[in-house]
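Colleague: Given next are the chains, with one letter for each unit.
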Amino acid sequence: MSENNMRRGFSSREDLIAYVRGQFPDAAQRDDHVSEIRGGRAAAQAQLWKIDPVRYAATRNQLNGGVTRLSAYLRHGVLSLVEVKRFAIGRVRQPRDAEKLINELGWRDYFQRVYKAIGEGIWQDQEAYKTGFQINHYADQLPDDVRDGTTGLKCMDAFSRELRETGYLHNHARMWMSAYLIHWRRVKWQTGAYWFLQHLLDGDPASNNLSWQWVASTFSQKPYIFNRENVERLTKGVYCSMCPLYRKCDFEGSYEQLEAQLFPNRDSETNGGR
Amino acid sequence: MQNPILWIHGDCLAFDSPAFQQYPHAPALWVWDDALLESWGITLKRVVFLYECLLELPVTLRRGDVSVEIIKFAQEHVADGIVTVESPSPHFRETCQSLRQTMQVKVLPIEAFVNYHGSFDLKRFSRYWQTAQRYVYDD
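Protein sequences, first through last, are from chains A and B.
Residues 279 to 552 in the working numbering are what the first sequence spells out, letter by letter.
Residues 63 to 201 in the working numbering are what the second sequence spells out, letter by letter.
Hint data in this document are derived by calculation from the structure and do not stem from the laboratory.
Heads up, a few of these hints could be off.
[Stated by the list, open to error] Under the rule of at most 20 Å between Cα atoms (straight-line distance), these lysine to any residue pairs were calculated in the SDA-like manner:
id, chain 1, residue 1, chain 2, residue 2
1, A, 394, B, 170
2, A, 378, A, 327
3, A, 500, B, 170
4, B, 185, A, 404
Looking at chain A on its own, in the form it has when it is part of the complex (with noise of 0.2 Å):
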């Protein structure tokens, strides 16, 4: 073996985490949580296996619903799109029985072929905000009560210890959450996607900076926003149950009210439907 080469060969997983450790001290000292989510090709092939399409068009919105887990093998080649798809349509009676899954595969299909069109353009706005906000209005740095997870809101501390803890996140709680930095505390949407990127094991700047943007209105009719009823029902009130702030949070009324509030200054030009 050259001297040039990294190890191959580990007694266990903690062996190779205490190896990587040692070699990447500064990605340690970022964050130093190792993921339950195993990398390589048997990891993945087994959360292949538990696929089902027709649960997930039924239950994907909810956060312990049926969905796949399979974004982080996708964004690292380790499974591709058409072999995910080919599965999914073997695993139904008909094909269009997986249309609601193979949708959200196109999705991450669009967001390539856009990244392929506009390079390094993936980190600037699209379009304007249609907020009624310029962009000097938005904060260049993540707040440390979102990053560390203290701002007393039980879900969103919880959206930010599970991303620091496992590089995962359900997709309704990524759109909370960057709806949440972007709309409520008013920070750019590229710092909200950096810190992902940071931390996502599908972290890739295609989907994660689009969907960034798709929230932001940067590329989007509308901006994307949500309210305490909407946690509450795809979450099944896991986290309003106990939250201190239960009916008086910052996500409280209808979606016309807190429009209303967050962009007091949008005009109904910029008003459109997405």
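Got chain A sorted already, so can you dock chain B onto it with the hints?
Modeller: Showing chain B alone in chain A's frame:
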């Protein structure tokens, strides 16, 4: 190319990727890009995940400047070119450009998700999907 090396990067970590499939006996290299890890502020869990993926592949692991390490590896193996797999990343394109100053580079396509060779309107997902959904079930 008669005797290429394979450059394996973060978008093609499968043994059934086109590089391994078309050149199963070619020496393969992964390079940890220290500058990229630093500028992206990558955390430990992401490095461990990637390392686990790499340990299942027949690939030599090194670190440093990606282009420099690939050329060095190619010279060690008296290679006549570099084979890799496509990626949309602008950093990937820059690396290929840099490598081409010294050696021939062949970029293999991955199998397309949508079997359609026309152009897509990428302004919004809905426009892309309007076309894509007509071909996505064709195999």
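Colleague: The structure should be examined with respect to each hint, and the outcome stated for every one.
Modeller: Checked hints:
Proposed proximity of residue 394 (chain A) and residue 170 (chain B) is supported: the alpha carbons are some 15 Å apart, at most 20 Å. About 18 Å separates the Cα atoms of residue 378 (chain A) and residue 327 (chain A), which keeps this hinted pair within 20 Å; it holds. Distance hint between residue 500 (chain A) and residue 170 (chain B) is unfulfilled; the C-alpha atoms sit about 39 Å from each other, more than 20 Å. Taking the CA atoms of residue 185 (chain B) and residue 404 (chain A), the gap is near 10 Å; set against the 20 Å cutoff, the hint holds.
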